[in-house]
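> Chains as they are written, first to last, in the working numbering: chain P, 1 to 360; chain C, 361 to 720.
Do not rely on the hints blindly, as some may be mistaken.
[To be verified] The following residues of chain C were derived to be distant from chain P, with all beta-carbon distances above 10 Å:
id : residue
1  : T403
2  : A411
3  : D489
4  : I551
5  : T585
6  : S602
7  : K609
8  : E622
9  : N716
[As the list claims (entries may be wrong)] If you want a taste of the chain P side facing chain C, the calculated C-beta under 10 Å gives, among others:
id : residue
10 : V47
11 : T247
12 : S304
13 : V318
14 : E321
15 : L322
16 : E350
Everything labelled a hint here was simulated from the structure, so no lab data went into it.
Just so it is clear, CB atoms sit at the ideal spot from N, CA and C, and this is done for glycine as well.
Number of protein chains: 2
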Amino acid sequence: MNNDLNEKTATEVTMKLKKINILIPALLITISSSAAFASLTLTERKVPTPAGISNELAQILENRQIAPALPVPTNNEEWLKLQTAFDAPGIEIANIALERLKVTYKEKQIAGVDTFLVTPENVAADYEDKWLIHVHGGAFVFGGGESALREAAWIANGLGAQVISVDYRKPPLNPFPAAIDDVVTVWKEIIKTQPPESTAIFGTSAGGNITLATTMKIQELGLGTPGALFVGTPAVDLKEASDSWHTLKGLDPLGQREGIIEETSKLYSAGEDLDNPLISPIYAEIDTFPPTVFISGTRDLLLSDTVRMHRHLRAADVEAELHIYDGQSHGDYINGIVTNLPESDDAIKEISNFFNKHIN
Amino acid sequence: MNNDLNEKTATEVTMKLKKINILIPALLITISSSAAFASLTLTERKVPTPAGISNELAQILENRQIAPALPVPTNNEEWLKLQTAFDAPGIEIANIALERLKVTYKEKQIAGVDTFLVTPENVAADYEDKWLIHVHGGAFVFGGGESALREAAWIANGLGAQVISVDYRKPPLNPFPAAIDDVVTVWKEIIKTQPPESTAIFGTSAGGNITLATTMKIQELGLGTPGALFVGTPAVDLKEASDSWHTLKGLDPLGQREGIIEETSKLYSAGEDLDNPLISPIYAEIDTFPPTVFISGTRDLLLSDTVRMHRHLRAADVEAELHIYDGQSHGDYINGIVTNLPESDDAIKEISNFFNKHIN
C-alpha cells in the first residue's frame, strides 16, 4: 500500500473526518452530526438460542449454565482438593466416551513421563505407523489423569488415529516448565521411531498453549518440527485479558477470567514473567512454525486469544487455518464424545483433512 | 465417527450427565451440583480497548461511537433522502482515499449498467490483463455512486489491480433482483475478454451478499465461475438475526438490526421470501463454488453471518479461508483507506495471497 501520508496530512484527514462526523467504518452507514451517540457499553440483555446451529447444539445451549465464581484456593492442599473435585466428573465423562466410541487405552511411562496410549477400534491405514501426541486442557492445573482421555478419545475415534496423551506434571506441585519438559521428553522418544514431520501435536485451551509452547521449545532444541498442530481455543495470553474475556462473559460456561482461572496462570508461571513466550505464546517471535489448524466459537471466552494467535502465525506466513463455530463456547466442539453433535463431526472432518494434507 | 449410540443409550447418557451435574464442556472446568448458577444473560459492562491490537486501531476504537436508532423512512421519497444523506460523507471519504492512495477512476456504462473503472497508480503485472469486479456494500440501499469507490480504491491500491465497481440499481426504486442482474450483465461483458477463472468478484456486507448471490446466479446460468471471491463480513441471513446481532450489539458502530437495517431487507426483497438463496445465501444448497476468502472481526455484528457462511461452504468442501481480526467491528479492515492501519494492510496481504493463488 502507498502509506505516503505524512503526519500533518494524517491530522488533517482526522480533522476532516471529525468535521463531517462520519462513523468509521463509513463504508456502510454514516450518520449526520446531529445524531445522539451511545457510549461503548454492553447493556444487559437476554441472549436467544442462535439461528442456524444444529438442534443438538441448540439443546446444549438451552441447558447451558455458567460457572459461578468459586473461592480461590489459598494453599497447595486446597488446590489439590479442587483438582480432584474438578477432575472427578471429567473422568466419569471420559469413561462414558471411551465406552461409547469404543476407544481403549493403557497407561504407560515413557522415559519417566506418565502417558496414556489411546487406541480407536479401527486404526486408519494412514495412522498405522504413527502416534499423535495429545496435550490435555484444564487451565494448567486440572484435566489430568483419565479425565484427559475425553479429547484423546475424540481424536482417536474421529481420525482413526493412535494417540499418546501426555499426563504431564502440573501445578501446584510442578509449575512451568514441567509440563513442557514432559511433552518434550515424550517427543524425543516418538521421533526415534517416526519422522517428526509425520506426526502432530494437539490440544485444547491450556493444552493448546502447551502445544504451541512445546513446539517452540523443540524447534529451539533442534528436535525437528511436527508436521501439523491442532490448537483448539488456546490460552495464548496469560498476561493480558484478551477482548472476548470481556465481551462474551456470561455466555460461556467457563465463567470468567477473574478468580480461579487468573490464579491458575500465576500458579503455573510460578514467578516467571507472564509474557515469556513459552508461557504466553502470543509474545513469541515466530519465524518458522508448523501448519496449524485453530478451532473456536463465537461465544468462546478465548475467541480473541484464538484469532490473535491465528493472525500472529499468518503474519509470519505460516500455513494456518481458522474455523469458528457459531454459538459455540470454549471447547464445545468436543461435546460429540457424549452425544451426537453435527458440529463436532464437522470439526473432526476439518482436523482430519488438515492432518491428511500435512502428515499423511 | 462411530455414531452407533441408539436413542435409548443417548437418553441414559444425558440422564447420567444431568445426574453428575457436569457442565458441558466438562473438558476444562467442572462444577459440583451444589454451586449456584447464573442464567444466560449478558450483564451490563464497559468494554475496555482490546489487548493486542495496533495503536492505530486502538485509537479508532477509543473514539468509537455507536449508531443510534434513527427513524425508519415511510415512503420512497424519505428513503431516497436518507440515501443521499448517508452517501454524502461516504463520497467525501472516497475522495480523500482516492487522493491519498493515488487511485483514479472514470465512469462507464457497460451494457447499460453504470460502473466505475478504478485504476491504481501502478498496475501489478499479474493484473495487467484483467479486471476485478467490485460490488459495494451499504445495506442494499446505500453506498452507491462515488461512495462505492472507498472499497474499490482500497483493493485497487492494495493489490495493484484494475477494478470495475458496479453501481448497481438499488431499492427503493429497484429491488431484488435488479442488483444481481446488473452484476451478471457486467460479468457477461467481462468474460468476453478474460477467462472467468482468471477474475474475482468481491464485496463487503450487502456487497458480500450480492457477490455470493451473483456467483450462484452465473453458475445457474452456465456463465462460468469466478476464480476467487473476497467476501467481507457478508449479510447472508436476512430472515433470521444471527447470534452476533444479539451478543455484540453496542460494540459495533453499525448499531443494531432492528429499525433501518431490518427494513432495508424488506425493501430489497420486495415481497420475495427472505430465505430465497439469492436473497439469503446461507439457505443455498452449495454443490460447487469458487474459492472464497472471508474477513470479519470479533466485534462485528455480522461475525455470526460470516462464520456461518464459511462453514456452509466448508461443509461442501469448498476451499474457503476465514480471517478474523480481534476487536474489529463491521468492515473495520477498510479504515486503512484514510489512515495508516496495520490490520488493514494485513487484510490486503491475505486477499492478495488468496487471489494470487487462485487467479494469478
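> Each of the hints needs a verdict: does it hold here or not?
Results of checking the hints against the structure:
{"no.": "1", "hint": "T403", "in the structure": "violated (5 Å)"}
{"no.": "2", "hint": "A411", "in the structure": "violated (4 Å)"}
{"no.": "3", "hint": "D489", "in the structure": "holds (23 Å)"}
{"no.": "4", "hint": "I551", "in the structure": "holds (28 Å)"}
{"no.": "5", "hint": "T585", "in the structure": "holds (22 Å)"}
{"no.": "6", "hint": "S602", "in the structure": "violated (6 Å)"}
{"no.": "7", "hint": "K609", "in the structure": "violated (7 Å)"}
{"no.": "8", "hint": "E622", "in the structure": "holds (13 Å)"}
{"no.": "9", "hint": "N716", "in the structure": "holds (13 Å)"}
{"no.": "10", "hint": "V47", "in the structure": "holds (5 Å)"}
{"no.": "11", "hint": "T247", "in the structure": "holds (6 Å)"}
{"no.": "12", "hint": "S304", "in the structure": "holds (5 Å)"}
{"no.": "13", "hint": "V318", "in the structure": "violated (12 Å)"}
{"no.": "14", "hint": "E321", "in the structure": "holds (7 Å)"}
{"no.": "15", "hint": "L322", "in the structure": "holds (5 Å)"}
{"no.": "16", "hint": "E350", "in the structure": "holds (7 Å)"}
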